[in-house]
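Following the hints, put chain B in place on chain A, whose structure we already have.
Chains as they are written, first to last, in the numbering used here: chain A, 25 to 311; chain B, 25 to 311.
Because the hints were derived from the structure by calculation, they are not lab data. Owing to the predicted nature of the structure, the values given are computational and were not obtained by experimental measurement. Please note that the accuracy of each hint is not assured.
If several chains are the same, the list does not tell them apart, and a pair holds so long as it fits within one copy or across any two.
Lysine to aspartate or glutamate pairs mimicking DMTMM-like chemistry, simulated, CA-CA at most 20 angstroms apart [what the hints assert, rightly or not]:
1. K202 / E176
2. K212 / D284
3. K212 / D113
4. K212 / E298
5. K212 / D126
6. K94 / D264
7. K160 / E114
8. K212 / D83
Number of protein chains: 2
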Amino acid sequence: MNDNARGPGEPAMKAAATAWFEELRDRICAAFEVLEDELAGAFKDRPAGRFSRQTWRRDGGGGGTMAVMKGRVFEKVGVNVSEVWGVFDETFRAEIPGAAGDGRFWASGISLVAHMRSPLVPAVHMNTRHIATGDKAWFGGGADLNPPYPDESDTTDFHAAFKAACDAHACADYDRFKAWADDYFFIKHRGMARGVGGIFYDFVAAGDDAFSFTRDVGETFVKVYPDLVRRHMDEPWDEDQRAHQLAYRGRYAEFNLVYDRGTRFGLMTGGNPEAVLMSLPPVATWP
Amino acid sequence: MNDNARGPGEPAMKAAATAWFEELRDRICAAFEVLEDELAGAFKDRPAGRFSRQTWRRDGGGGGTMAVMKGRVFEKVGVNVSEVWGVFDETFRAEIPGAAGDGRFWASGISLVAHMRSPLVPAVHMNTRHIATGDKAWFGGGADLNPPYPDESDTTDFHAAFKAACDAHACADYDRFKAWADDYFFIKHRGMARGVGGIFYDFVAAGDDAFSFTRDVGETFVKVYPDLVRRHMDEPWDEDQRAHQLAYRGRYAEFNLVYDRGTRFGLMTGGNPEAVLMSLPPVATWP
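Pulled out of the complex, with its shape left as it was, chain A reads as follows (with noise of 0.2 angstroms):
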């Protein structure tokens, strides 16, 4: 890999990446605030969200954007963009390839996390980045869905909308990516899946296909998730229903700091950790 002032890595499609995960925020939080302003259901009278925008920096290299929206339709949505470069923590480079040796890394990649007003619109979660360390380079994201109460055509349409931007690339694979993120997104303690599932892919080499298909992941997901969103924002619910939404946000919030990678990643490297712990829910119960 060529060598820069922000670490590893080839400089163009470094610049590329980030200015994407730029981009596809921007339309994230612009299709979001849609939502916000349709709404016709509980919590009308309040005011449509907004999202607000907080820079940070590292010590050590880099920084990043949050954008927070806390709406009427989204509950709590934090969405991050960050590119961050140096070295890692002794203990945690046998966890990553290629960062045995001197331990330089550069990392740029959007992260995103909706946790809903209404128990029956589901809370989705979605992340891509671009990693590079001193010999190797690569893509890596997923998308998963996580609705305290599944709805078949929801779950089924959000898996075709994946399996289609996967079979449009010959990096990916989608039952192999589909499978992945059945295992990697499962409460191993609670022997549970965490939500109905999505796609996860890591270590996917750097090179034109494979940032192709990590736009078309964020392309897809800025699709396909509005309108889950809209089919059920408008619906009636009832107490019982947000007492089983908050104990289910209590699952995922275990995951996420038990067995998440990204949160995992972004304690062990000295990120912000306001903007690594953005994908907490605003409201969790262990009944």
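Positioned in the frame of chain A, the structure of chain B alone reads:
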């Protein structure tokens, strides 16, 4: 160490330790139910809480009893006693003294976390345990106070009580155990303490003094903590203070899921997840 059907360790001490953990549990439950009866502040019109118990068996050896109370002073308090034995998972062995060889272990302990309704009453954690592996046996434990609003005399009295317990035993070094608590009960990714500390000890070689000290830690807890609850439980509080308490609990949940040794031990040895995660707050926020 001797060996028997229940795994490594010295049978008489193991039996005595387990009997003590159960006796301590009974005394704590009784003392906490008295507090439920005494309440004269907010929620006094609700019925006084009572513990209910549930036993569980562990695949691979042993089991435990969860005692849980959801009351009007104690929003959620869990007191678990368990005695488990088996063989450590290959990947977990390296973390445990004396387990690198055959990986067999036996462990018995009491573990308590109390989350209080009033934001002015400190939450608390107390845990003591006796563990034996193929060639080592030891006692460990600790207690720490977690007040959303720290009160100087509460903190002073809590620390003084555990200092007295340590000072009475040759195996216990208060300064070291207090510093260990400050180091252990620290939320690294946030760079902040989880509470106001207490004591933490581990790997204190099994023997009469180590067991006697461990009993004193329990005796100290059951003497000092109810007094702190009594000081504050009838004081009025408002919604802003409650909101602060719920966010404080969010950080407590982060600590337990990311760093807590007992939680990790439980999840990695196939403990009952409901018992292991009993420490999580009934409601927490990440606002």
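Quiz prompt | Within, between, both or neither, where K212 and D83 count as close if Cα-Cα is 20 angstroms or less | solution = between (34 angstroms within a copy, 15 angstroms between copies)
Quiz item: Should K212 paired with D284 be assigned to within, between, both, or neither, using CA atoms and 20 angstroms as the limit?
Solution: both (12 angstroms within a copy, 17 angstroms between copies)
Quiz item: From the Cα coordinates, with 20 angstroms as the cut-off, is the pair K202 and E176 best called within, between, both, or neither?
Solution: within (17 angstroms within a copy, 54 angstroms between copies)
Quiz item: Checking K212 and D126: alpha-carbon separation at most 20 angstroms within a copy, between copies, both or neither?
Solution: neither (33 angstroms within a copy, 25 angstroms between copies)
Practice problem: State whether the alpha carbon distance between K160 and E114 is at most 20 angstroms within one copy, between copies, both, or neither. | Solution: The answer is within: 18 angstroms in one copy meets 20 angstroms, while 29 angstroms across copies does not.
Quiz prompt | Same-copy or cross-copy closeness of K212 to D113 [CA-CA at most 20 angstroms] | solution = between (27 angstroms within a copy, 14 angstroms between copies)
Quiz item: When no copy is named, should K212 and E298 be tagged within, between, both, or neither for a Cα gap of at most 20 angstroms?
Solution: between (26 angstroms within a copy, 13 angstroms between copies)
Quiz item: Checking K94 and D264: alpha-carbon separation at most 20 angstroms within a copy, between copies, both or neither?
Solution: Close across copies (19 angstroms), not inside one copy (23 angstroms); limit 20 angstroms.
Checked against the numbered hints above, the structure violates only hint 5.
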